[in-house]
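Line by line, the protein sequences are chains A and B.
Note that UniProt numbering has the first sequence beginning at 1, numbered continuously upward.
Note that UniProt numbering has the second sequence beginning at 1, numbered continuously upward.
None of these hints come from the bench; they were simulated from the model.
There's no promise every hint is true.
List time: in silico DSSO-like cross-link candidates among lysine-lysine, alpha-carbon distance up to 30 angstroms [to be verified]:
1) Lys791/B - Lys749/B
2) Lys21/A - Lys749/B
3) Lys791/B - Lys111/A
4) Lys21/A - Lys68/B
Just the calculated beta-carbon pair ranges, DEER-fashion [claimed, not checked]:
5) Glu26/A - Glu644/B: 54 to 62 angstroms
6) Thr212/B - Ser125/A: 42 to 50 angstroms
7) Ala187/B - Glu84/A: 20 to 28 angstroms
8) Asp59/A - Thr212/B: 58 to 66 angstroms
All figures in this text were calculated on a predicted structure; none of them were measured in a lab.
Glycine included, each C-beta is placed from N, C-alpha and C at the ideal position.
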Amino acid sequence: MASSVKTGHRGWFPWVKKNAKMSNAEATFWLSQFLGKNLRVHASDGRIFGGQMKCTDKDRNIILALAHEYRAPSAEVIRKAVEESGNPSAPVPWNSRYVGLVVVPGQHITKIEFEESTLPNQKSSVTL
Amino acid sequence: MADPPTGHDTALDPDIPNVSFHDGAVSSHVHAAGCNAQASTPAELPLRQSLRKSQSVYEPRIHDITEKFTKASNALDVGQLVKDEYFTLFESIGAIEIMDSKMDSGFLKPGETLEDDYDTLTPVLPEELIGILDQLLCYEMAWHTGYPLSQTLFTSVYIDKLLWPETKALEQAQFYRGMVDDDRRPAPLLQVLRAYCLALIKGCDFVIAKITGRDYFEEEDFCTHTYNRVLFVSLPMDVFLRELDAAMEAMEDTDLQMNDALRTAIISRLDFRKGFLRALDLDLPIEQIAYSWPLALKNLHQLKASHQLGQAVPGAFSTKMQRRLASTVPPRPVVELDFKDALDKLQQLGADCEEATRFVTLPQDPLEYQSFLWYFASRLPPPLAYARSYLATLLFHADVLQSSVSLPLADIKSLVFPSSPVLHPMNWTFSPPRNPMLPKPPRLQMAILIDDFVDRTGQPYMDLWVALGQNRCRLRRMLTHVIIAWDMLQADASLVDTEIQAAAVEAGVADQVMEFSISTWTYHKKLWMIEKILLLGFEQDVFLPDEYAGMYLFLSLIATRRKELLQRVEQHHLMRSSQLLTARRLREAQEIEDAGPDLDSLLAEAEGTASLSLALARLYIILLYLGLLPIPKRPFSSEALRYELRMKPFLALQPPEVPPFEDFKAHTQPYGAYDSPLPALTEDLRKKDSELWTEIDASIKAAKDSFAEVKRLGARAAKAEGVEKAWSKEVQGKLASCVALGVAVAGVKDAVGRKEESVSVREGLGVKVEVPESGMGKRYAEVWVVVKVLKT
């Protein structure tokens, strides 16, 4: 697993504490890397918003520009698709729509993902 | 943008990585293509097309950064923002807040589903069909009154099915897409509904085309947004008429079991739709338009009478449509308009359009056109955006504008150049000398000067007409801009005038040409517009009661200037007439004679306006001294600043129209400040024959006489023959205002006279004044605010 490798790697440098509090400067720098980058923000009702990050603050409110909303198909639709195809793992598309500029309030965010779009042999410009 | 592209089914596209999302995955991990083929939920996240294009080149990697992000944002200071440097606070205000039910259209309440599962193929009862058709008409009229389609017609599930996904051929525009089992094929009544909806949609297309073809103001007048739906733009009208005909035939089929009343009700609705679509047609020949509206509206009473047969089908309309139509804005409520109100609106729309069709029959005279536009805009209730565009389309129709004589020139001629050597047709027959160094013959010079000036007038003239085609509020605001253009035109006109004068001297006709004739015409037009701006200000309650005195005084000043200008023109006419008579040029003398009543009417009208506004100004000054008008508290403004604000549109004009504030103050406060007047005021108020009172009475009498004269001269002289009814109503209103003003003045005079000598005039007068509201039919003329004096 990628995650375990990473944790192990950290162990080599004892001064990088896993749960250390970040300084304000570090945090600002780290967050600024994602400005203009594509994030996928999961909301507490299960929807996912994908768009360019424009702004964030202490409460973890995130403003996304050019955002699309993705929603899992309802159980009813999945049931129908399975019935029709007879295949219990029939693929069902997610519903998506363009929502433009949105702000996802921090308290409703359950997960934040960074969508890295570099070429395979290109060096990532973002420190994760 | 609202809809994802169709056929965006990622399941069919092997290039797209399957990505699943499972809750509780906190550790950072990298998703790669195919890494979770056995995901528990077989759901896919469709990726946006921009990413898909280069899919083969790279694979996006997804990193979970939740934990670190949270940590980092915790480390930020309160109020600190990490933001894109080009992203402004202003922009952020426009962001939609997710999970806020008021803003987030995708927010679902517990148990709420994203979309309705209303089946558009379920057969409907005849009652339900009537209910749906009537509801559609309500939404259509709500749209006409200015609401967007997303809050009105596009909430219909049926219309959505017809329009989306987009089809190329009309046959494919059904309540279903692709193939459908025979037993599911729409029943005849659904076919009728489809025909009606198709014609309705095409009608909307015509409406949008008509309105966007003219000057209109999105959101303020009308919403033309169609949310990426194509309203059958490319299909000709006859296919829609055919659909309606087929539907009517189907309804008349006796195999269709139905109550006769219901059958008639449905047929009358189809019939109405057919007539309405025809009337809306953009290509209807101009000779037929006059008949199209009465035909379209002939059976509205049948619709009204049979409305109660219908049965509402609430499921056929859904707010949820907005989620797909207008996904980037907060959800907005569906606009509900009663069927009765919708029919009233429809009736009004038809009546206004029918009135507009009379435009083509007007005598070919720019001033007649101007009157028509003015009175059309004054219609109550105010014409809807469609009706105004309808008239504007006729106004700017090639057949109207391409008359043999230029319209501005006809306008100029009628005021300052009747039988004038400047406009003599002979002037246009000279050819310039071969040698360009030689001077041109003076008559040719005049022709060239006039041609150039008429060209120069074109744009300001057009601007005036465009402004006259707007709603009343916008008309007032636009006129304040139009006068600036006319002001510049006037400056140019005075240059042309000197050159014309020089040419006239050279041609030996200087005594036959009025000095500064073209600038007189331009100035007259400009003053007329300033008067209209002020009058519209009263009509729209822009001014507060304590400002009436000053504004009517200013109006009186402007009207007096116009009157003096017209008196100069009249003198010239008289002089010209006697010149021609002595020269025995009787035909030309007759021409001037014929223009006489027109000028008299203009003069009387200017005189009436000046006198009536002066009388009103004087009454309001007295009321201010008596403390009978409400004066709002204005802690942050001064009289001088307020004056500047009111005069702002006119401050730049040349010659200056706005008197300096000191002058204005001296005239509006002749007895000093309103709350501490000079003692002379009390004396003058008590004396019934003091100048204070006699002057008002004289002004009222002069106004009454002038308006009576305007009335006697008639609509023809006022160049309002085409709108005689509205015109005479207005003149009648002015006369009635004069009478009402006389009554009000007498009321105040009596109240003051009845008071004991010892008490101050301000206290215990025993009367109060009531300012009639605008637009409620409480004023004899909307622009003339005459207070009512009531005993307390």
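Results for each hint:
At roughly 13 angstroms between alpha-carbon atoms, Lys791/B and Lys749/B fall within 30 angstroms of each other, so this suggested pair holds. With a C-alpha separation of about 85 angstroms, the suggested pair Lys21/A and Lys749/B falls outside the 30 angstroms cut-off, and the hint is violated. For the hint linking Lys791/B to Lys111/A, the alpha-carbon distance of about 74 angstroms lies beyond 30 angstroms, and the restraint is violated. Simply put, Lys21/A and Lys68/B have alpha-carbon atoms about 10 angstroms apart, close enough for the 30 angstroms limit, and the pair holds.
Between Glu26/A and Glu644/B, the C-beta spacing of about 56 angstroms keeps the proposed range 54 to 62 angstroms intact. About 46 angstroms separates the C-beta atoms of Thr212/B and Ser125/A, a value consistent with the hinted range of 42 to 50 angstroms. Between Ala187/B and Glu84/A the CB atoms are about 25 angstroms apart, so this pair conforms to the stated range of 20 to 28 angstroms. Against the hinted window of 58 to 66 angstroms, the Cβ-Cβ separation of Asp59/A and Thr212/B comes to about 44 angstroms, which falls outside the hint.
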